[in-house]
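> Those sequence lines, one after another, are chains A and B.
Just so you know, we're using our numbering here: the first sequence kicks off at 1 and counts up by one.
Just so you know, we're using our numbering here: the second sequence kicks off at 1 and counts up by one.
No lab work stands behind these hints: they were computed from the structure.
Do not take every clue at face value.
Here are some chain B residues pointing at chain A (derived, C-beta under 7 Å) [stated by the list, open to error]:
id, residue
1, V21
2, T31
3, L38
4, G43
5, A44
6, L57
7, A63
8, L66
9, V86
10, F88
11, M92
The beta carbon of each residue, even a glycine, is placed where N, CA and C say it ideally should be.
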Amino acid sequence: MTLAVAAGVVAFGVLVGLLSALFGIGGGIAMVPFMVLLLDRSQHLAEGTSLLVIIPTAIAGVIAHHKRGYVSFEHGGILAIGGVFGAFIGAKIALSIDEEMLQTVFAIFLVLMGARVIHDGRKTAVREAAGSSEGSAT
Amino acid sequence: MSGLLGVGGGVVMVPLLVMAVGLTQHQAHATSLAAVVLMGAVGAATFGAEGEVDVPLAALLAAGSLFGAPLGARIMHRAAEGPLKVAFGVLMLVVAGMLLWT
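Given the sequences, and given the hints that come with them, work out the whole structure.
Put into structure tokens, the structure is as follows:
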């Protein structure tokens with residue numbers, strides 16, 4: 001990896017952090033297509049790498065939220081027990097299907113998430129418009 | 001789903017925690033992150049066992065992301081969120097199209 005590419009990757013990481021905070025989406029959904037389309041990595045490698053990135057970023061998130069008392073470790077623990085099992089099975093399935101198939105599955109997930117973000121955005125826009133007209137009335 | 005798609009899974013867990021357990025949106029988001037840590041570890045280890053993890057690449061992305069997230073949280077309230085979200089959602093659909101095309 002050249003220095004220029006490395007700098008580009010770090011810059012994209014900053015963007016991922018920004019996006020996940022702004023739009024309430026995880027970083028994986030942005031990082032995986034970035035690695036596949038721009039860095040020419042395989043879908044499998046992109047997903048495995050994305051999961052590794054998620055560990056420190058989620059830890060940072062937990063620390064930030066825990067300070068404000070938002071983290072319920074009891075519920076988090078219960079979720080994790082099921083989640084860990086599911087993550088293992090999911091990864092095994094991903095590793096057993098071919099590149100093209102996995103990419104298609106990911107693209108379908110991206111379409112669903114995109115539709116959700118658009119829906120969210122339209123709702124927010126309506127609320128913002130209502131909020132600003134209320135503001136001018138008072 | 002997290003393991004299959006290489007993503008966190010908050011998308012599924014947050015609504016579950018809000019609806020089934022009755023946590024607030026904020027609590028649910030924070031709590032799902034705690035589960036994501038362990039799920040990411042298991043998922044990454046499973047992909048890693050097959051050589052499907054690029055550690056240096058992950059380190060660069062994580063470094064940038066750890067810097068960007070607090071920045072995003074700070075400007076979150078200032079941005080006109082609605083139209084921005086719609087634009088981003090459209091971008092996601094375009095990227096999905098590109099993935100299907102290649």
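> Give a verdict on every hint.
Each hint, compared with the structure:
1. About 6 Å separates the beta-carbon of V21(B) from the nearest beta-carbon of chain A, less than 7 Å, and the hint is met.
2. Hint on T31(B) holds. Least Cβ distance to chain A is approximately 5 Å, under the 7 Å limit.
3. The closest approach between the C-beta of L38(B) and any C-beta of chain A is roughly 4 Å, which is under the 7 Å cut-off, so the hint is satisfied.
4. With a least beta-carbon distance of about 4 Å to chain A, the hint placing G43(B) at the interface is held under the 7 Å criterion.
5. Evaluation of the A44(B) hint against chain A yields a held restraint, the C-beta minimum of about 4 Å falling below 7 Å.
6. Satisfaction of the interface hint for L57(B) is found here, the shortest Cβ-Cβ separation to chain A being roughly 5 Å, below the 7 Å cut-off.
7. Satisfaction of the interface hint for A63(B) is found here, the shortest Cβ-Cβ separation to chain A being roughly 6 Å, below the 7 Å cut-off.
8. The restraint placing L66(B) at the interface with chain A holds, with a minimum CB-CB distance near 6 Å, inside the 7 Å limit.
9. Interface restraint check: V86(B) against chain A, minimum CB-CB distance 4 Å, threshold 7 Å, status holds.
10. With its C-beta approaching chain A no nearer than about 6 Å, F88(B) sits inside the 7 Å limit, and its interface hint holds.
11. Contact between M92(B) and chain A, as hinted, is supported at the beta carbon level, the nearest pair being about 3 Å apart and thus within 7 Å.
Comparing the model with each numbered hint stated earlier shows that all of them hold.
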